[in-house]
Amino acid sequence: MRALRAVLLRIGGLFTSARHERELREELETHLQLHVDDNIRGGMAPDEARRVAMITLGGIAQTSEAIRDRRGLPALDTLRQDLVYAVRVLRKNPGFTATAVLTLALGIGANSSMFSIVNAVLLRPLPFKDPDRLMLIFSTDARRSDWFDSTSYPAYIDWKEMNRSFESMAAFANRPMTFGFGAETVLASGKRMTANLFDVLGVQPALGRPFTVDDERSGHVVILSDDFWKSHFGGTADALGRTVRINEELHVVVGVMPPAFHIDQAELERFYLPLPIDPNRNHGFLRVVARLRAGVTAAQARVDMDRIADRLTKIYPRQQAGLGVNLLSMPDGLARGARVGLLTMLGVVGMVLLIACTNVAGLMLARGTARRRELAVRAALGAGRARLTRQLLTESLLIAVAGGALGLLAADWTSRALAAVLAQQFRVPRVDATSTDASVLAFTIVISVATGVLFGAFPAFASASPDLNDALREGGRSATGLRAPRLRSTLVVVETAVALVLLAGAGTLLKTFLTLRATHPGFDSGHVLAVDLFLPQPRFAQRSPRVQFFDDALRNVEALPGVHSAAFVADLPLGGSTDTESFHIVGRPDPSPTRGFNAGFNIASAKYFQVMSIPIRAGRGFLLSDGPDAPGVAIVNETAARRFWPDQSPIGQQIDLPITKTLSVLLTIVGVAGDVRHVGLGIPPRAEIFINSMQSQLSWPWLVLAVRAHGEPAPLAASVKEAVRAADPHVPVGRVNTLDSVVSLSMAEPRMYTFLLCSFAALAVILAAIGLYGLMAYTVSQRTHELGVRVALGARRSEIVRLVTRQGLRLATAGAVAGLAGAAATTRLLAGLVKGIEPNDPATFVLVTLLLLAAALVAAYVPARRASRVDPMIALRTE
Amino acid sequence: MADKADVWQGTLALMVLKTLEVLGPLHGYGIARRIEQTSAHHLALNYGTLYPALLKLEQEGYIAAEWGVSENNRKAKFYRLTKAGRKQVEKEAREWERTTEIVARFLTSGEKPS
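Going line by line, the protein sequences match chains A and B.
First residue of the first sequence: 1, per my numbering; consecutive thereafter.
First residue of the second sequence: 1, per my numbering; consecutive thereafter.
Chain B with its partners taken away, still in its complex shape (with noise of 0.2 Å):
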């Protein structure tokens, strides 16, 4: 467990939002799996944590909310990427690209005296 890096939010709204794009409507606990599966379990994602960030994204009208039939036939609630979702998907996509790029040729540069 100690190697697991712990997730920010604005990462982890990026994750469900990019993880909806993917799979279509999931539920919370779908969501929740494919992170973990798709980190290849390096991330402690902490599940209830998944929750307020739902409803935060379904607040900004990102993402959309209704009850439905889980495929072990438990009633549950399913989220859905909204249009404005799919936009922002992109978007913070193409930011998150940009910022890790940067980070890096701050670390490849910072072995250099300057």
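Bound conformation, chain A alone (with noise of 0.2 Å):
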């Protein structure tokens, strides 16, 4: 308590000097008045008893500073001085202190910003008790490499009942449905969970109950999600008990989840449903979560699944052969794709700050120089060299710091900015979270604390020790020579070094994305409108309600003004969804015992072709006349002719179809379609089989409608809602989009990741050319006099431009080189993130190189340039 008090008046002791220090005289001069007085009673003569009172005093200008050193604390003291020192010489010199700190700020605000979204996508804690112990169990297909896919409820039994690492385990299947309550229909995202997911998780319903095993075998029961209850259900508590219609189907709503509460962080689920069992190994649809039991570590879980998986493919061959697990930690698993992007793209925002960092330690650097007299008198005067360093390292932190508050400042702007970008266009889970919270803050200290030991040890230590012979001779004119300050050319080789990888990064992912961008998909995307519609299950399982509905839809949509033609197709290509089917070829064996062979599989009324602009290579399109009870046909794309046909024409060859186990369907193939890009722009065509969706018994709950306009195709999209409306009210319509932005979209992470790559290499290389710049400025300025030496004995003013440039392109040379090396393996890195990447692209790497020395030549112009202009007469009478 008293320490502290002492302390507490100590530190108000640094504020309060002037009226301490005129008491601190006036009661020394008491005390040696009042011991003179005593002296001289003592019978002393007048200056011997003052010269007594002094010697016991021990000194006024000694005592005064022990009595100074107590009232304050001595090491703030000399803080306090050195940032009050500080602030004036960077305020004496605005545009060092304006540049530097502007730098600074870029970079840390970079920096900041990604990290905000990298804390909100990856860092943040999920809204689940204990979320670390967490972790996501995918089924992973080695023949498909698919490691994230889901697996089926036997197999999740299996799991659950095998396993000794984990304390609980639950599961839960995405599925979209029609959700209806009063008059509305609406089509929402619901969650079919077991009945201990939320047990599991560790979160209970907020209001009403949880749901109970019973409820997995007869549940009509609903749980909703907080924000789907306040939107539709007026937050009110009378909600408990009402009857809603989910896919046309009765159900009593039982409980509310408490708010902030959803499970999938990319899609926010409205609902949960209890998961009816379902006995087929076969149809993997389940995500599974499981919790750690008290010191199982995830490496340990990872050894048990694997166990648990080679039994469980010795037990059923025929259903499990090839699959394997792996294990998430559930933030982790949840983020998945952009995890690998994000980290990346942080890797790539701290080379921007080294680069900012290199930047202002070559600025601390000249300015060292330029106060080379100014440290040699301070240490001429007594000030050690700790003592200066301690001054230096004080500036440098100043101006992180002041570049820190500016970066956060401009992070917190940028970053919400960045992430509306990424949650609309790129749907990246949980990223609209991001804010400038505490752990932001706390990121932006540490970097701006360490960014600004980092560019302020070496020129602290650098001038620091001035050799002081040198520096204080009068007007001492430093031999620099032709060579510019090594250390400082070094700081610019390297930061050539990293912008040219970043540069190599940016021009390899834009090559790729234009080489995307100009593949041609197989179909024209233009003009066409493609509207999501979604079948309601247990009706639209029958064959004949969807025939009729497709009939109705289509006939009222192309009945519409502007419609040049119309088709039903279950997967649009690039959609993100595909579906593969296993089928035999009749008159000829199965490749192998237990399989048939495998092609994608797409459902397609007659106009498709004509309406996405496919081409009919052979035989024929689908035709009105293959209806329900016309012989089955099917159309290949020259993918699946050249494959399973190779040597023959498919027209007039049959294929099997199963479509349950006791039912197959025969189909004749009629004709060969232009290859599609189904997948993605970047992935060669697959085989493809087309099925008549007049004919086909597999049934798709969600579709397509695609629409050719004859102009514009987005206006059109109030009145085909309505005609489908009008065909039938209770088929509910999703997202309405052109198909041109369904490509554009199925470029999004590409695009991203080249806009992001490609504005931070910009941002690289304008500082590295600013670093460039500012050498060979401060490089000419020291050579004023032997420039003007030069042009005094004849040369000529481009043979100076071309000495200074020369030097300059020479470091930049020498940086890109090292560069190449970098870049080479930052490409690499980079094939792993976006699908398609050529890396070491010779071409790319040329045109990046020679656009960085484009850079690097404009930046040592400029300098030449003033060079060049040196009046010999004036240079030489600086002397």
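Calculated directly from the structure, the hints in this document are not laboratory data.
From a predicted model like this one, the values you see are computed outputs, not experimental measurements.
You can trust all of the hints, since none of them are fake.
Computed spacing ranges between beta-carbons, pair by pair: (1) A:P125 - B:K91: 46 to 54 Å; (2) B:W96 - A:D130: 54 to 62 Å; (3) B:E66 - A:L4: 21 to 29 Å; (4) B:K87 - A:V52: 36 to 44 Å; (5) A:V446 - B:K87: 43 to 51 Å; (6) A:A294 - B:T100: 52 to 60 Å; (7) A:S64 - B:S39: 20 to 28 Å; (8) B:K87 - A:E374: 48 to 56 Å.
Cβ-to-Cβ under 7 Å is the rule here; a few derived chain A residues that face chain B: (9) R2; (10) A6; (11) T63; (12) A66.
The C-beta atom is built at its ideal place from N, Cα and C for all residues, glycine as well.
Once you've looked at the hints, go ahead and assemble the two chains, each given alone in its own frame, into the complex.
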């Protein structure tokens, strides 16, 4: 207590010196007077009396200093002096200070905004109890190199019962469903879940009850998410017990989850239903989440689950062959794709910051040279090396903190803007929660201080021990000679190298993206509107109501003015969904006893190929006469024709497609359609077989209505929706997009990375160019005298320009060469991020190197021109 | 001078407090003289070291200072004991006695083998 009080008073003592100093002088003066009086009374002469008093006191100056030290805190006092001095120095050099602070603000700002996003997406805890102990368990299929596959219900039960690592395990499946209450029917994403899921996550409904095991058997019950409850049920407790229609079946609302609770952070689910038992081991549709037992590590759980997967493949060789398991912590598992990308981008902005640091370090070094005399004078007056280093470091830290503060302000804004873009265009989960919170603040403070030390330490050590003799000599013109200072040159080489690495990465991505954009998808996306539809299941599981709806809807839509043609398709190319089926070819043995042939299957109505402008290469397309009662027909694409019928025409061939265990259909191939890039623009076409929607026994709940317009497709949206509603009011209409935007959305991820990396690379090149410019300008100013001599001796101006420019280019070239090695590694890293990247593309590397050298040329040319204008008279007179 | 003892900081604080307890409010010079006299000039007190000690006690709240006039009409800063200071004198005195007692025991027992 007392010690604390003393410390506080001492801190206070730092700021109230004037009055204290006066009192201190007066007190010591009184002391001496009293002592002198006593001595004189004791018989001493006045002079002698004063001398003895002084000696006994121990000197006024020393005593004053001891008292001052006691009054304030000496260390803090020095810091205060350093700070005050640093502020004064920085204010006296506004140009230097502004450049340094802005450079760092760019670097730190870029880092803070990227970190804000990483923080929101990856680091913030999920709304579950102990989320770190939660794992997502995926099925893997090595043959399809799918490491994040869903699993079947029986396999989930096996995992749950055979494992020794988890205290609990639950499963859920994402299902879009129609949700009707009152007169309204909406399409909403729901989750079917095992009754124990909320227990595993450690979250219970805020209102009502959780699911019970009985609900899994009989359950027509539903639990609402908090936001859905508030937006559609007014957030009142009488929502409990209400009856709603889900996929046209009646359900009773039994609970409401707490605010902000969502399992899927990418596409927020609106409600939860119990998951019925599904005995089909071939039907992989479940996501599995499990809570680790206390003391069990993720690695141990992984070993345990691998063992189980091995046993299952032995027990069920037909269904489980080739299947393994993959475990990820829940935060990582939910972020999956975005995770690697975001961390890479965080690394990239780290490199930008490194360049910014190098730049400022260069500036500090230059100033250290300019301040040689000042520092030498201070050293001569007794300031130790440690004291000078501390002073210089204080200045760096001050710059860094100012840059950090400015960067944080900028990041607060840019991170929100970036997050908005990421959420809208790239559907990164949880990104909309991006905000500048305590972690972002802490991160910014840490990197600011770290950068301050990083760019300040070198110059501080280099400048803090000046050679006094040399520095103090009057007019001390150091012999710089032809060379730029070595340390600064190294810094410029380093930052050029880093800039080239980023530039090469950006160039490679950009090239991939441009190639992607120029890739013809195999169809014409112009003038086409894509309308997502959902067929509620029990009613539309039968073929006849489907055919009825297709007929009515197509007739209504095609009757609209401005519509050229319309067609239904199950999976729109580049729309993100695919379906693979196994089939047999009539008259040919299966490739293996356990499996048939595999191809992508799609369902389309008659005019699909017309609407999409997909050419029919051989045979015919679907006809209106291919009705439900006509013989089954199929159309294959070119890739399928080549793969399955390499030496003959597929037309007239028959395939046998199993629909259920007991039912299969015989289809005759009537045509070959042009290849379409269905899965992605960067991915070669797959083998694909089309079934006519009017004949299909397969029931697809999701459908796309593709409408080709005569003019702009977007304005047709409202009337098309109305036409569908007129055909069947209970079929909800989902998103309506132009096909152009679907194609564009399929490139969202490469576009995002290209956009980010190009911005950061541009920043890096600008910073590196500024660094080179700064160095060259400095060198030129140091060499004014020498250049003046050269001009006086007859050097032409163009020669001077060439001399200086060549020096700058030499540094940039050295950096570029060093950077190329790093670039090779970086582009390989990017290849893991975006499909279709070609690492180490020589053309790209050459191009970015030239670009960087061009920037360097400009940066060196400006000071070179100034050098060539040196007036020899003035230059020599400065002697 | 050679056999005069130096004053350690801790004991100086106690001497200051005790002086103020006995004599009441006093200026720095008075305190210094009193300590010298009481020690019968066995202490080599550098008067200058007294002032940081006084400031420390003031910061810790054991003494308070105010300006007044000395007996020979000079303006001087007078220190007086606070309530906390009074308690502190007793406490420190007790601790001092205990310490010296323990040390004394060591010195006497040090001659016997143990």
